[in-house]
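J.: Going line by line, the protein sequences match chains A and B.
So that you can map any letter, position 119 of the first sequence is 119 in the working numbering, and since no number is skipped, the others follow by simple counting.
Remember, the working numbering sits 1000 above the position in the second sequence when you count from 1.
For the record, the hints were derived by calculation from the structure and aren't laboratory data.
Take these hints with a grain of salt, some might be off.
DSSO-like mimics (lysine-lysine), calculated; alpha carbons at most 27 Å apart, straight line [claimed, not checked]:
id : chain 1 : residue 1 : chain 2 : residue 2
1  : B       : K1132     : A       : K2
2  : B       : K1026     : B       : K1238
3  : A       : K43       : B       : K1051
4  : A       : K209      : A       : K26
5  : A       : K111      : B       : K1026
6  : A       : K51       : B       : K1238
7  : A       : K26       : B       : K1132
2 protein chains.
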Amino acid sequence: MKQQLHLLKIGGNVTDNEALLNSFIKDFLSIDGPKVLVHGGGKTATELAAKLAIPQTLVDGRRITGRDTLDVAVMVYAGLINKKIVAKLQASGCDALGLSGADAGLVTSSKRSDTGIDYGFVGDPERINGEKLAQLISLGCTPVFCAVTHDGCGQLLNTNADTMAAEIAIALSGEFDTALIYCFEKPGVMLDPDDESSMLACISAAKYKDLRRSKVVSGGMIPKLDNAFRAFEGGVKKVTICHAANLRSGTELVPAITDQSAVQ
Amino acid sequence: MKQQLHLLKIGGNVTDNEALLNSFIKDFLSIDGPKVLVHGGGKTATELAAKLAIPQTLVDGRRITGRDTLDVAVMVYAGLINKKIVAKLQASGCDALGLSGADAGLVTSSKRSDTGIDYGFVGDPERINGEKLAQLISLGCTPVFCAVTHDGCGQLLNTNADTMAAEIAIALSGEFDTALIYCFEKPGVMLDPDDESSMLACISAAKYKDLRRSKVVSGGMIPKLDNAFRAFEGGVKKVTICHAANLRSGTELVPAITDQSAVQ
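Go ahead and model the full structure; you've got the sequences and the hints to work with.
T.: What follows is the structure, given as structure tokens:
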């Protein structure tokens, strides 16, 4: 039987909020066994870009990463946020190791180019060195990833943190029984975004299809859930979407294979 | 017999100069066996601080690191410069692993407090986890350190890169025969800073004392040489000061123990 590993992902709404981040870190520390953290960025990068008068271009709600915006992402994600989290974890006795995808060649991405829109220095993970990552974990380290990767040819690339978390969870599934936990500022997937009691305890792949068709699930939740369901296909054992301040509750995802069961 | 390890240190004048950095990296790659790189910052951080209108205070020529200046240092050193170097090395097949002193608890510093001047968030290395660092090296990784450390209680600290390089070289000397190489924008230690032919092929500890007394050696070269001679006391086998574009030449330091020899 494989050892269980927890991979948690937090976004900018957690890293930007000191109290929420501290509460999350406390819960993260209480998880037994090997674990990995993937963090996004957030307002800090947007604010820094504004202070530096770097114009931000959005196409269909997605940010175009020019050279200056990439520098800001690398400074804020790989520098400021990553090292702040690492220092906090180290202070609590967790042997955190801050990483970008370039470090130890762990996550190599390909520059997004086939979409008809030039997103600039944005890359989608293509190759994860799961073996090297497992070796780092075997030394007792807790990898803390920012969502900056490289193309293997010297270029750093801005990467979606949800996608990166799913791909790393998949890559570790050969070695570990991997649980992927997306933590954000809501308690889970809710039928009514303003009513916490409408949270679904679980969603099957079929149910997700329905919710998406009826537009109950929309916006940023779609790529998160797409990534989540894809993770099952890659061997991830368990996927949960929960509030960063309450890792014990949330919406559990149920892979397609059990769609025939009673879970809906 | 121990395996030889080379630890090279480059400063901001190298990291700020793309052509010099590329030339240095080519030579760095050609060094056989395990190696470690420690890099300083440079103008990039000063420029970013200016753009963000963060006032820079100097006392006796030394920068005071307030909270905002620390953030700039972490962003530029641990983010921008560190990941740029890592991506370049990875592109050349070197399994670079970017690190701050906080990562894996490798370098713990104590906030400088006994000098009569409050330097702010500046720390002097106090404890290096040489064992963990050697484990990372044994995985085939080439550690690339920025000069940001932590105090073990959650606080990041700005650290002198020359000192950090010496301390890491000392910490690795139990496991390896360590050669410490300070690379900068001059060919070595020169009697006349404007005349490259005045470069000394070697300096003994006694000679350094003379040069320092007669003020031939001054300014930023003093802490560099102080660190270098201290490294011998900690077990480092060889210390060289050379131009970043010419690692094969330079000034070789000779430890105190051989002062009685003919080397002067």
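J.: It remains to establish, for every hint, whether it holds in the given structure.
T.: Now for the hints, and whether the structure bears them out:
no.	hint	result
1	K1132/B / K2/A	holds (25 Å)
2	K1026/B / K1238/B	holds (22 Å)
3	K43/A / K1051/B	holds (19 Å)
4	K209/A / K26/A	violated (35 Å)
5	K111/A / K1026/B	holds (25 Å)
6	K51/A / K1238/B	violated (46 Å)
7	K26/A / K1132/B	holds (25 Å)
Checked against the numbered hints given earlier, the structure breaks hints 4 and 6 and satisfies all the rest.
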